[in-house]
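J.: Sequence:
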Amino acid sequence: MFAFSSMTDFSMTDEEARGRRVRWILALVVFSILAVRLVTLGTYALMDTTEARYGEIARVMLVTGNYITPQEIPGVPFWAKPPLYVWLSAISIRLLGVNEFALRLPSFLCSLGILALCFLWTRTLFEDDRRTGAAEDTAARIAPWLATALLSTSVLFFVSAGAVMTDPSLDLSITAMWLAFHQAVVRGDALPERRRRAWGYAFFIAAGFGMLAKGPVILMYVGGPIALWALWQRKIAYTWKAMPWVPGMALGLAICVPWYVLAEIRTPGYLRYFLIGEHIMRFLKPGWKGDLYGHPHIEPLGSIWLELAGSLGVATLLSVAGAIAALRARLQGAADARVDGARAFLLLCALFPVAFFTFAANIIWTYVLHSLGPIAVLVGAWGARAMGRAAIWRASVWTTIGAAWLVLVVAIFTWVPHHVLRHTAVALVARWRAQARTEPGPLRYWGRKAPASLRYYSRGAVAAEPNLALALHGADGAHAVYLVTNPGEKGLVEQAARSAPGRPAVRLLGENVDMALWEIGG
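Following the numbering used here, the numbering of the sequence shown begins with 109 at its first residue and continues without gaps.
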């Protein structure tokens with residue numbers, strides 16, 4: 109017979125059981141929101157301008173077989189961004205076909221990588237706390253899941269995880285560099301020398317891919333926090349010694365320089381435009397006229413902080429509450445309110461991108477994407493401890509995550525498809541194809557450059573013509589021309605048709621907020 113002195117020796121304590129339930133619920137939140145994002149990747153059209161533009165560039169790359177020079181239109185180079193995301197998209201549509209799901213899948217996979225890196229980053233904070241005796245086991249197990257739940261349910265992260273854009277691949281590179289520096293330098297002797305060196309080389313590998321994702325801007329996002337951290341912690345010499353700077357930079361350059369050289373050889377002038385124009389003149393020369401691909405997004409100074417709040421969504425309130433609670437605890441001298449080297453680096457990674465653009469007027473909301481990961485790690489680490497100390501914090505965390513999850517799920521199934529249809533040519537192109545079966549005719553756009561979604565969904569069949577009379581050429585009583593214009597230009601189209609040979613009839617086939625489709629003649 110075996111005697112057991114106490115059954116509790118072999119069972120979980122109440123705190124352990126609670127921690128396990130919390131982890132399961134948080135894991136369910138993460139996997140369910142990711143599942144929703146995955147299954148909706150192909151359920152709505154590509155929207156102008158960004159999504160459709162990069163989708164069309166990937167399609168043209170696949171059609172032309174030119175993997176060196178991204179092109180919006182065959183024969184016209186696209187110099188605004190390096191090709192990493194276009195490469196990923198082109199590979200995806202080559203394997204899965206030319207469709208929305210395939211084009212958005214690389215962003216989703218990059219976002220999975222970012223979540224995994226943030227999970228690991230959060231876990232290492234508590235590993236180091238255990239070495240100093242400051243860790244709380246339940247909080248240590250909850251924090252990584254809480255951080256990933258907060259990040260996956262933030263508005264901008266959720267949007268970017270299913271959008272055709274360059275930012276997720278850049279964010280993956282930036283987050284990888286930050287984590288690699290954290291492991292190689294910030295943690296000090298917590299890792300064996302061999303592993304620290306490996307992380308050091310990983311830093312430069314990520315830098316090489318970051319240069320292919322969006323260019324030298326990655327050096328600002330990563331270099332700023334590193335420099336400030338080294339100054340703050342008085343570890344400039346240690347930082348230089350701990351990283352394999354010379355061989356690492358050689359490795360990073362070996363990854364990215366060959367493409368930059370080939371790009372300049374194929375299309376002379378690229379390096380001057382991209383490196384000097386896009387990265388220097390845009391910010392130093394007011395009213396710079398050299399932008400080939402857009403226009404300044406002028407916003408009030410400091411509005412980047414509002415962009416951050418909107419990007420966090422519901423989690424903004426929890427983040428602010430956590431910051432206030434942490435500051436109050438520090439002012440009161442609480443032992444666990446210290447800002448150690450690891451948390452100092454996280455704080456700099458979170459705030460530097462936003463602070464950098466505080467005094468810039470030419471901004472867009474995706475600039476704050478790279479702050480979301482470090483913020484989620486910080487709030488997740490703090491929130492996991494707070495949940496174990498007060499019911500009010502437990503209620504706040506669950507309310508935040510539940511509300512964010514619900515808003516995103518409802519929006520992606522209801523508001524998003526309706527909104528996208530107002531800003532894409534998919535329905536107009538479908539109407540043209542249906543009408544052209546019985547009354548064949550070319551598709552033309554009145555303007556210098558057709559909208560990206562019109563080019564993508566017509567598979568390059570649309571021809572842009574800035575002269576309205578020439579755009580109507582060939583339309584008469586027997587032959588049709590299908591013309592896309594801006595909405596509200598019926599009078600101009602009818603006037604031009606009356607002046608055309610045969611005075612062809614004009615009929616509106618469809619329109620949305622951005623475009624109108626006309627049948628001329630036929």
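Worth double-checking, as some hints may not be accurate.
[To be verified] Heads up, simulated EDC-like pairs for lysine to aspartate or glutamate below, C-alpha to C-alpha not over 20 angstroms straight-line:
# : residue 1 : residue 2
1 : K557      : D622
2 : K343      : D448
3 : K343      : D245
4 : K557      : D297
5 : K343      : E372
6 : K557      : E180
7 : K557      : D584
8 : K557      : E573
[To be verified] Here are the computed distance ranges between Cβ atoms for each label pair:
#  : residue 1 : residue 2 : range
9  : L204      : W413      : 38 to 48 angstroms
10 : A503      : A569      : 55 to 65 angstroms
11 : A571      : L361      : 21 to 31 angstroms
12 : G585      : I472      : 46 to 56 angstroms
13 : V515      : G221      : 33 to 43 angstroms
14 : A298      : A569      : 52 to 62 angstroms
15 : F467      : A503      : 19 to 29 angstroms
16 : M357      : L409      : 27 to 37 angstroms
17 : L204      : A503      : 36 to 46 angstroms
18 : I500      : A468      : 32 to 42 angstroms
19 : R380      : P574      : 26 to 36 angstroms
20 : H581      : T546      : 18 to 28 angstroms
It should be emphasised that the hints constitute simulated quantities derived from the structure, not laboratory data. The beta-carbon is built from N, C-alpha and C at its ideal position, and this holds for glycine as well.
J.: If a hint holds in the structure, say so; if it does not, say that too.
T.: Hints, one by one, checked against the model:
1. Restraint check for K557 and D622: satisfied, since their Cα atoms lie roughly 14 angstroms apart, inside the 20 angstroms limit.
2. Taken as a hint, the K343 and D448 pair is honoured in the structure, with Cα atoms around 13 angstroms apart against an allowance of 20 angstroms.
3. For the proposed pair K343 and D245, the alpha carbon gap of about 30 angstroms is over 20 angstroms, so the pair is violated.
4. Annotation: proposed proximity of K557 to D297 is violated, straight-line Cα distance about 57 angstroms (limit 20 angstroms).
5. Of the pairs offered as hints, the one joining K343 and E372 is violated, with about 39 angstroms between alpha carbons and a cut-off of 20 angstroms exceeded.
6. A hinted pair counts as satisfied when its Cα atoms are at most 20 angstroms apart, and K557 with E180 qualifies at roughly 10 angstroms.
7. Taking the CA atoms of K557 and D584, the gap is about 25 angstroms. The hint is violated against a cut of 20 angstroms.
8. Restraint check for K557 and E573: satisfied, since their Cα atoms lie roughly 8 angstroms apart, inside the 20 angstroms limit.
9. Checking the proposed 38 to 48 angstroms range against L204 and W413 shows it holds: the Cβ atoms sit about 39 angstroms from each other.
10. Look at A503 against A569: about 56 angstroms separates their beta carbons, and that is inside 55 to 65 angstroms.
11. Checking the proposed 21 to 31 angstroms range against A571 and L361 shows it is violated: the Cβ atoms sit about 42 angstroms from each other.
12. G585 and I472 have their C-beta atoms about 48 angstroms apart, which keeps the hinted 46 to 56 angstroms range intact.
13. Taking 33 to 43 angstroms as the suggested C-beta distance range, the pair V515 and G221 does not conform, at roughly 25 angstroms.
14. In this structure the supplied range 52 to 62 angstroms holds for A298 paired with A569, their Cβ-Cβ distance being about 59 angstroms.
15. The hinted range of 19 to 29 angstroms is not satisfied by F467 and A503, whose Cβ atoms lie roughly 38 angstroms apart.
16. At roughly 35 angstroms, the beta carbons of M357 and L409 sit within the given window of 27 to 37 angstroms.
17. A hinted range of 36 to 46 angstroms holds for the C-beta pair L204 and A503, which are about 43 angstroms apart.
18. Checked against the hint of 32 to 42 angstroms, the C-beta distance between I500 and A468 comes to roughly 38 angstroms, which is consistent with it.
19. Taking 26 to 36 angstroms as the suggested C-beta distance range, the pair R380 and P574 conforms, at roughly 28 angstroms.
20. Restraint check, H581 to T546: a C-beta distance of roughly 22 angstroms satisfies the suggested window 18 to 28 angstroms.
The structure is inconsistent with the numbered hints 3, 4, 5, 7, 11, 13 and 15, although it conforms to all the rest.
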